[in-house]
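Trainee: Turn these sequences into a full structure, and let the hints steer you where they fit.
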Amino acid sequence: MAFGLLTFIATFWTGQLVTLITFSAMFRWLALFSFAGNLLPYMRSGLALGMERFEWFMFNLLAVGPFLFSTLLWVNFLFHGEPVTYVMRGDPSRQEFLAHWRATGELLPNRDLATMAGQLTSEERLKGYVMGPVLRLAPGALGYAVIDAWEPAQLLRTNELTR
Numbered sequence: 009m010a011f012g013l014l015t016f017i018a019t020f021w022t023g024q025l026v027t028l029i030t031f032s033a034m035f036r037w038l039a040l041f042s043f044a045g046n047l048l049p050y051m052r053s054g055l056a057l058g059m060e061r062f063e064w065f066m067f068n069l070l071a072v073g074p075f076l077f078s079t080l081l082w083v084n085f086l087f088h089g090e091p092v093t094y095v096m097r098g099d100p101s102r103q104e105f106l107a108h109w110r111a112t113g114e115l116l117p118n119r120d121l122a123t124m125a126g127q128l129t130s131e132e133r134l135k136g137y138v139m140g141p142v143l144r145l146a147p148g149a150l151g152y153a154v155i156d157a158w159e160p161a162q163l164l165r166t167n168e169l170t171r
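For the sequence shown, the numbering used here assigns the number 9 to the initial residue and increments by one for each residue that follows.
Derived from the structure by calculation, the hints contain no laboratory data.
There's no promise every hint is true.
Cβ-Cβ distance ranges computed for the label pairs, FRET-style [to be verified]:
#1 L150 with A56: 29 to 35 angstroms
#2 A56 with R97: 57 to 63 angstroms
#3 L80 with E159: 26 to 32 angstroms
Where a beta carbon is used, it is the ideal one built from N, C-alpha and C, also for glycine.
Mentor: What follows is the structure in structure tokens.
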């Protein structure tokens, strides 16, 4: 049970930084996995393992649910699709980006890197570069978008954007 809880705590703090999932959705999935094991017949599952009903309930709540949730969240991250690269406007931190996404469900104002060359402002064209964090988002295996890469604000030459 301690292993399940420690796995969940580690996944919660690291997985929420790389997955675009709200906290309420995370806890709903955790609740589903924690209580789904209790739907199995106790006589064939918990009693066969030598557990009392309360032990079987707590085992599912504290071990099976958190471990299964953590495993599926990491499967979503590790087996993702093709990433799309964005250059963010301004200089938001990763925490600001995630807080904005969780509050509104939308990305911060950004520009797709592939079409960015035509959208540069005249001031940006004169400078010859664009500043802003580079973000790569990919669709996860289970439907939740994942942050494939977050590169802090940097200088990008406009001729590199047309490639």
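Trainee: Any hints this thing doesn't respect? Which numbers, in order?
Mentor: none
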